[in-house]
Amino acid sequence: MQPYDFISVKLSIALIFGILIGRSLDISIFTAFLILGISLFLVLLFFIFEAYRKGILFGLSILLATTNLGILTVSLAQPKLWPDHYSKITFTEDSIWELQLSRVLKPSTFSERYLFDVRSLNGTESRGTLLASAKKDSNFVKYKVDDILYYWGSIRPISPPANPHQFAYDEYMETQGVYDQIPLKAENILKSSKNIHSLKGKAALFQSFLLRALERTSIEKKELGILQAILLGQRKNLDASVYEDYKNAGAAHILAVSGLHIGILLLLLQAFLKPLKAVRHGTLLTMVLVVIALWCYAFFTGLSPSVVRAVTMFSFVTYALSLNRPSSIVNILALSVFFILLLHPMFLFQVGFQMSYAAVFAIVWIYPILMKLWNPRHWFLRKCWQLFAVSLAAQAGVLPISIFYFHQFPGLFFLSNILIVPFLGILLGMGLLVIILSAINILPNFIAVLYNWLLKTMNEVVQFVARQEQFIFDDLSIDSVTLILGYILLYFIITGIQQRRSKWVINIGICVLSIQLWTFHRAFRSSQKEGIVVLQQMANTTLLYQKGRTLQVMSRDSSRLVSLVGNYAIKEFMGAIQYGNIPNVFSFDGKQWIVVDSSAIFPPYTAAPVTLLMTQSPRIHMERLLATAQPELVIADGSNYPADIARWKKSCKKLGLPFYATSEKGAYLLKAE
Numbered sequence: 001m002q003p004y005d006f007i008s009v010k011l012s013i014a015l016i017f018g019i020l021i022g023r024s025l026d027i028s029i030f031t032a033f034l035i036l037g038i039s040l041f042l043v044l045l046f047f048i049f050e051a052y053r054k055g056i057l058f059g060l061s062i063l064l065a066t067t068n069l070g071i072l073t074v075s076l077a078q079p080k081l082w083p084d085h086y087s088k089i090t091f092t093e094d095s096i097w098e099l100q101l102s103r104v105l106k107p108s109t110f111s112e113r114y115l116f117d118v119r120s121l122n123g124t125e126s127r128g129t130l131l132a133s134a135k136k137d138s139n140f141v142k143y144k145v146d147d148i149l150y151y152w153g154s155i156r157p158i159s160p161p162a163n164p165h166q167f168a169y170d171e172y173m174e175t176q177g178v179y180d181q182i183p184l185k186a187e188n189i190l191k192s193s194k195n196i197h198s199l200k201g202k203a204a205l206f207q208s209f210l211l212r213a214l215e216r217t218s219i220e221k222k223e224l225g226i227l228q229a230i231l232l233g234q235r236k237n238l239d240a241s242v243y244e245d246y247k248n249a250g251a252a253h254i255l256a257v258s259g260l261h262i263g264i265l266l267l268l269l270q271a272f273l274k275p276l277k278a279v280r281h282g283t284l285l286t287m288v289l290v291v292i293a294l295w296c297y298a299f300f301t302g303l304s305p306s307v308v309r310a311v312t313m314f315s316f317v318t319y320a321l322s323l324n325r326p327s328s329i330v331n332i333l334a335l336s337v338f339f340i341l342l343l344h345p346m347f348l349f350q351v352g353f354q355m356s357y358a359a360v361f362a363i364v365w366i367y368p369i370l371m372k373l374w375n376p377r378h379w380f381l382r383k384c385w386q387l388f389a390v391s392l393a394a395q396a397g398v399l400p401i402s403i404f405y406f407h408q409f410p411g412l413f414f415l416s417n418i419l420i421v422p423f424l425g426i427l428l429g430m431g432l433l434v435i436i437l438s439a440i441n442i443l444p445n446f447i448a449v450l451y452n453w454l455l456k457t458m459n460e461v462v463q464f465v466a467r468q469e470q471f472i473f474d475d476l477s478i479d480s481v482t483l484i485l486g487y488i489l490l491y492f493i494i495t496g497i498q499q500r501r502s503k504w505v506i507n508i509g510i511c512v513l514s515i516q517l518w519t520f521h522r523a524f525r526s527s528q529k530e531g532i533v534v535l536q537q538m539a540n541t542t543l544l545y546q547k548g549r550t551l552q553v554m555s556r557d558s559s560r561l562v563s564l565v566g567n568y569a570i571k572e573f574m575g576a577i578q579y580g581n582i583p584n585v586f587s588f589d590g591k592q593w594i595v596v597d598s599s600a601i602f603p604p605y606t607a608a609p610v611t612l613l614m615t616q617s618p619r620i621h622m623e624r625l626l627a628t629a630q631p632e633l634v635i636a637d638g639s640n641y642p643a644d645i646a647r648w649k650k651s652c653k654k655l656g657l658p659f660y661a662t663s664e665k666g667a668y669l670l671k672a673e
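Reminder that position 127 of the sequence shown reads as 127 in this note's numbering, one-by-one numbering, no gaps.
A few of these clues could be false.
Listed next, with one range per pair, are the computed distances between beta-carbon atoms [claimed, not checked]:
{"no.": "1", "residue 1": "Ile7", "residue 2": "Thr92", "range": "46 to 56 Å"}
{"no.": "2", "residue 1": "Glu93", "residue 2": "Arg113", "range": "19 to 29 Å"}
{"no.": "3", "residue 1": "Gly580", "residue 2": "Arg647", "range": "29 to 39 Å"}
{"no.": "4", "residue 1": "Pro368", "residue 2": "Glu244", "range": "32 to 42 Å"}
{"no.": "5", "residue 1": "Asp26", "residue 2": "Glu125", "range": "18 to 28 Å"}
Straight-line C-alpha distance at most 25 Å; calculated BS3-like pairs for lysine-lysine [stated by the list, open to error]:
{"no.": "6", "residue 1": "Lys247", "residue 2": "Lys106"}
{"no.": "7", "residue 1": "Lys529", "residue 2": "Lys571"}
{"no.": "8", "residue 1": "Lys135", "residue 2": "Lys106"}
In case anyone wonders, no lab produced these hints; they're calculated from the structure. Even for Gly, the Cβ is constructed at its ideal location relative to N, Cα and C.
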């Protein structure tokens, strides 16, 4: 059977479609309930009349009802639509918020970050979640999950990206139901003496205890960061260069507790509990014990959303394996998608969810087909081919989505996976032993030394693969249309291999041609563009001038532009990038731009409409400059002091001139007319 033949797959697709509709339209909870009620009435109507029950209309009505269920679930999952959300209550800067810490996020260089659930606002019970940051200064205090704080002060929306094609942190946080942020300062918070002990809080405390126990071992710092990442899901101590090596080697998934880790743990548990299957009801007992053990491990790792999601998925897989029917795995996987999205529909928009299921579905679908192509008789060859086939299937499943989000393809992914994955079970099993023994303070030093050597060896293997830079394909650009076409092409290729019919060659050819035509369309559309961007950067001035598929970068310090320019070039489908200095005077779209820098020298210019770009806080009499230049627009970038920007803004307002500060509004973009 093909995957789409299962009812669970059809229902999951309908639910996903409904979630996408509900997210894009922001349908109210009442309206969503009303629409679902009408569709359920149609299902009941078709079910009552037997003539319709066996026809296509009954099936379509069920799919329609499931789609509407998706709309309702995503409406219920968006806190801003809740009637008791804090945004529905009037508040001021003097308002008092009662907050409960729900999650400790990965810290930045200068601050700790937290998620706080709103318990009440000015004494009125309310709900919602706020992002909070605390600077690591002399007054810095670390908080833990379940701490209750009283906060008084303003809240502000999470800022959108300051520059085009930067990571939209505000949109990412919105998928987690977080819209606003607060600063935690000693003068505006008070820690409550209330003691609350939630399951999450207990899990976080237990994880902290395990982390402290590991720090007492003789495992070296870099290897300890790896151990904490692959077994406890804690990546804050992970060395940045190590992560970069794993990413370039196509093995970054190893550094996060994911479906791979839970899957290996599942296999280890099943092997350990295999003798139980010999007793009466042994299969059922094994399944129950495995599921309990998986959820204990989730608690072990602090109940992070990604681990809970992976454990939920493999709880369903455990049930499917207990049925001992190969076809049931696809069916159960689809049911797990349905169940998870029904409870947490916003997971659909998280990269981890998308890649996990893409990889698992690809393995379940593609791996058996690859094994039918060649199944070596020799044990060693067979095991090598199985590892290669699993790695190839998983990579094929995530390839389009990986390029879409990360713009990179590590060509030697199969080598790193073949060299590491077979031993990952040993690393995980021994790592669990190290954690347990260190927690009860009886870890023999020789075990710690041996495990440290194993981790170091894995790092050296990954580093060797990552250094083969000729096999790392960077700066790959695909859009959402190419992403969809990529998965259609994958379906045609795998189905063609499976069925071996000539019509699939034609389908593959049409799909490849479609991708080429769309890529040509993107290139043509990009070649017609012309525009200028003044980037927002602290203590630096950068202008991007795009003409066709050529991007000219003018900056005082281009060393700080690798990520910004790279992202812009990828998204805008640039063909060439040129670097240069910032001219004092230049023309764009028939208008002159004058750049005033710290030298405070006003360059000569011809009589034309003028745009003034203020940089590096020049010591200049602004009103006199405005009277001389008579500009149409004044722009101040992020290289200026805030006090100077405020003064210039006031002068422009006095003379009725438009003023644009990139520190307030983000990058300035202007397209040629």
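Right, here's what the structure says about each hint:
In this structure the supplied range 46 to 56 Å holds for isoleucine 7 paired with threonine 92, their Cβ-Cβ distance being about 53 Å. Between glutamate 93 and arginine 113 the beta carbons are some 22 Å apart, a value that agrees with the proposed interval 19 to 29 Å. Range check, glycine 580 to arginine 647: about 31 Å between beta-carbon atoms, so the 29 to 39 Å window is met. The hinted range of 32 to 42 Å is satisfied by proline 368 and glutamate 244, whose Cβ atoms lie roughly 35 Å apart.
A hinted range of 18 to 28 Å for the beta carbons of aspartate 26 and glutamate 125 is consistent with their spacing of about 25 Å. For the given pair, lysine 247 sits about 19 Å from lysine 106 by alpha-carbon distance, which is consistent with the 25 Å threshold. A distance of roughly 13 Å separates the Cα atoms of lysine 529 and lysine 571; the hinted pair therefore holds under the 25 Å criterion. Of the supplied pair hints, the one linking lysine 135 and lysine 106 holds, its CA atoms being roughly 14 Å apart against a limit of 25 Å.
When each numbered hint is compared with the structure, no violation occurs for any of them.
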